[in-house]
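**Q** We have chain A; now place chains B and C onto it with these hints.
Now for the letters of each chain:
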Amino acid sequence: MGVMMTAIIAASGVSKTFHQPKRFAGLRGALKGLFNRDYTEIHAVTDISFTIAAGEAVGYLGPNGAGKSTMIKMMTGILVPSGGALSVLGRAPHSHRMINAAEIGVVFGQRSQLWWDLPVRDSFELNRHIYDIPAARYAENLAYLSDMLAMVGYLDRPVRQLSLGQRMRAEIAMALLHDPKILFLDEPTIGLDVVAKDAVRKFLSKLNRERGTTIILTTHDLQDIEEICPRLIMVDEGKLLFDGEVTRLRAALGSRRRLTLTFGTDPGTITLTTATLTADEGAAKHYLLEREDISLLDVLGELGRGHGLKDIKLEEPDIEEVIRTFYQTKPTLAGVSP
Amino acid sequence: MKLGAYPAFTATAFQARLAYRNQVWSSVFGELVATFAFIAVWTAAFADRGSVDGVSLPEMVTYVLIAGPLLQWNTTPFIREVGDAIRTGNVTAYLLKPLHYPGLLLFNQLGNNAFEQVTITLPVAIVVALSVGLLPPASFAHGALFLAYWAVSWSMLFLIATVVSLLAFWVLTAFALDWFLRGIMAVASGAIMPFWFMPAPLATILGNLPFAWVSYYPSAVYLGKLDIPAAFLHLALGLAWLAALGGFLAWLWSRASRRLVVQGG
Amino acid sequence: MLRHLRVVPHLVGIHVRTYMEYRGALFISWIAQAIGYAGVYASIALVLARFENLGGWSWPQMALLLAFHLLAYALGASLSFVQFRDMEEKVRLGTFDAILVKPIGTWTYLAFSGLNIEYGGHIVLAIGLMAWALASLPLDWSAPLALYFLAAIISAAMLTAALMTIIGATALIWVRSRHLFSIYFGFWELARYPLNIFPLPLQIMMITFAPLGFLAFIPTAVVLDKPVPILGDLAGPASLAIGPVFVLIAMLHWRYCLRNYQGAGG
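Residue numbers (my numbering), protein chains in the order written: chain A, 4 to 341; chain B, 2 to 266; chain C, 1332 to 1597.
Think of the hints as simulated: they come from the structure by calculation, not from any bench.
Hints may contain errors.
If the Cβ cut is set under 7 Å, some of the chain A residues that face chain C in the computed set are [said to hold, decoys possible]: (1) Phe21; (2) Ala104; (3) Ala105; (4) His132.
BS3-like, lysine-lysine: derived pairs with alpha carbons at most 27 Å apart [as the list claims (entries may be wrong)]: (5) C:Lys1433 x A:Lys209; (6) C:Lys1421 x C:Lys1433; (7) A:Lys200 x C:Lys1433; (8) A:Lys184 x C:Lys1433; (9) A:Lys184 x A:Lys209; (10) A:Lys200 x A:Lys184; (11) A:Lys242 x A:Lys209.
Examples of chain B residues toward chain C, derived with CB under 8 Å [what the hints assert, rightly or not]: (12) Asn23; (13) Ala35; (14) Val42; (15) Ala46; (16) Phe176; (17) Trp180; (18) Arg183; (19) Phe198; (20) Pro202.
Ideal Cβ positions, reconstructed from N, Cα and C, are used throughout, including at glycine.
This is chain A alone, in the form it adopts within the complex (with noise of 0.2 Å):
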């Protein structure tokens, strides 16, 4: 109940389906279009249900129409869900479009909230006044923010003259400013180099901290997740796929570890029964150890002395190796599934 009273979105049963006209192939199929109308419905979400306490940091994870961008921007008040209920600080956010709007922030990676002729200032400034934001904290705002976004020496810049990361900075600034107690962002680092998305990423997981700003992002970048989100939602055909931590995800998916063992000369074929060979390169072989009970020790008793070992490696999968085994096998695994 104690998470009930503290969740500041709720999802339960939340689906959005879309009407499209049917587009047919070809001449005969566009001339044929132009006397015919049919629709394709389009289930982009269906039946999402989660819950998301103050001040957590959720990362939302789908591939390319997955219905990632949808959901939020049901949960921004854009669009209307086609069926379940969904609460935004205990709102219904497109009833309550304006007042939701208010206290949320929402970053578009794609699309730029600024001015694109006019200094960064001038955009902000004219946020300040959509938002209603009292001069003093306006200009508290602004000094922490381009303090912790170093976006000093260029406030004062035209947006066209900016790059994209000095640009994504400032989009994240001005959604900042009227003190949001949730901040969306769609896909915040794409197109970023490697600089830029690791100060975006720094910025957000010390907002997160600091501030206790709960932080809700789609991504494709999972690195995004691993330094930002403790915990992970995702979905797939618009359905969800799973919701917990990253680290949960790791151990219920199985570790899947890597093993690489090397060898003053080639031993000729090793076939063990604690792990499986996946590569023999002579010196050196590569070994997968699927079962998570199976320890190093284990590996190597089995191996026994005189192949004369040089080198050991045991590598862990990273994220990416487990979300992309998720996709592959979308297992229903007990403890994984929601």
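**A** Relative to the frame of chain A, chains B and C by itself:
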């Protein structure tokens, strides 16, 4: 690139337009309304007079359809698109391909216009013919000459629009140039007002400018307002204007593309 | 609501500042657009010069009609045309979504943050032509007539903005709505001429579902004391009511479309 490949652009442009079916229906409707407006204007102007300056009302109805929907096409999207592509340097993407950019534009626009003729002008012409009536060409020879004039008209408007959009590279914006052209075309092409109703000095000046070959001369030839020798003479004059404009365009294009290549986009 | 009104000057201000970055181009586009319209008006003047009158309207009367048409259109369109014509792109590129996450009325934001001062050329030409026409016409000015004239311009401008809003809003549910502007401009073209020259079905359309008869002809006819087909004596009050009535319809339609907004479709 082989010359034979260019018509592919015509076919593609034609087909691309079909995807916007609502656009087709509303354009037909909009054009129909505008055409009937002009027919009503001339009907009101003629009042009960049988003919004015030797021109009858049925002839004016036919003039409205030929000078307007048949011969004029909306140059605005073309000028803005080409003008912007040149100003922003996006056009360099075409310079890298083994094709001639103005040639590509020509065949592409041909497809667009073929589309409009079939889907918009033809239905409008049928409705007008059935409801108000349209006249046949004044004679077989006038009809045959009109076909040649039609080709001159199309090429003239294409050349004018392309020259104007290339000018955006050096002067003004495509937006402003387009509006200037609209103002000139409204009077000087004869699309709204045939020159025979104008004061003689004005008609003489406008009759010597290339814009007159877009709407006025072709429609006048169709209706037999120019006798055959005069029609041949003006066809030759039109071709001379085409050659001059074509040469000017080639010169502009070579300067523009040289500068684009030097700038590196 | 009051808070929204306070934001309006800032929305307009930021957009005007954008224009000022390219003030040379703005000035030239004013001149270019005025010339574009002047060309069409010159053609109509030439028709009148040869035929004396059009449906009982002389050239100075026609000039007043054209000036009213241009002024009411420019005033309404500066708040709406480009903003709502580009609705399709705003939906497709997601810029409309970015407006929906702001705590401000979506229409207010769109209309004023895009307030199109490019119509300056239209307005200068319209006022110039109107001044000439009014000076050439023997009008019997009185306070009620002057008041009616002003109110009729505002009502016609409201009608313009309302129709543009209705068409643009349709893009929210159909994804495309640009084609509807072709229909609008078909009737808009008709609205430049006296309504009485058109066949009855067109006249009926022009005062009902495509009410562009109210954009210029009906108010100008009332001012010039000329007969208005179908409406007769109702023309005066109807021309003042049409703007507010269509604004109301546009508001309802706008809300309906926002509720059924699909985004770019997934």
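**Q** All hints are to be evaluated individually against the structure, with a verdict given for each.
**A** Results for each hint:
1. Phe21: Phenylalanine 21 of chain A check passes; min Cβ-Cβ to chain C is 5 Å, inside 7 Å.
2. Ala104: The hint holds - alanine 104 of chain A has a Cβ within 7 Å of chain C, the shortest such distance being about 4 Å.
3. Ala105: Alanine 105 of chain A check passes; min Cβ-Cβ to chain C is 4 Å, inside 7 Å.
4. His132: holds, 4 Å
5. C:Lys1433 x A:Lys209: holds, 25 Å
6. C:Lys1421 x C:Lys1433: Given that 27 Å is the threshold and the Cα spacing comes to 15 Å, the pair holds.
7. A:Lys200 x C:Lys1433: The hint holds at about 26 Å.
8. A:Lys184 x C:Lys1433: holds, 15 Å
9. A:Lys184 x A:Lys209: Satisfied, since the Cα-Cα distance of roughly 15 Å is no more than 27 Å.
10. A:Lys200 x A:Lys184: Answer holds: lysine 200 of chain A to lysine 184 of chain A is near 23 Å, not above 27 Å.
11. A:Lys242 x A:Lys209: With Cα atoms ~31 Å apart, lysine 242 of chain A and lysine 209 of chain A exceed 27 Å; violated.
12. Asn23: holds, 5 Å
13. Ala35: Where the cut-off is 8 Å and the nearest Cβ of chain C is about 5 Å from alanine 35 of chain B, the hint holds.
14. Val42: holds, 6 Å
15. Ala46: holds, 4 Å
16. Phe176: holds, 6 Å
17. Trp180: Since the shortest Cβ distance to chain C is 4 Å, the answer is holds.
18. Arg183: holds, 4 Å
19. Phe198: OK, holds: phenylalanine 198 of chain B within 8 Å of chain C, min 4 Å.
20. Pro202: Constraint on proline 202 of chain B not satisfied, violated at 13 Å.
Going through the hint list in order, the structure does not satisfy hints 11 and 20.
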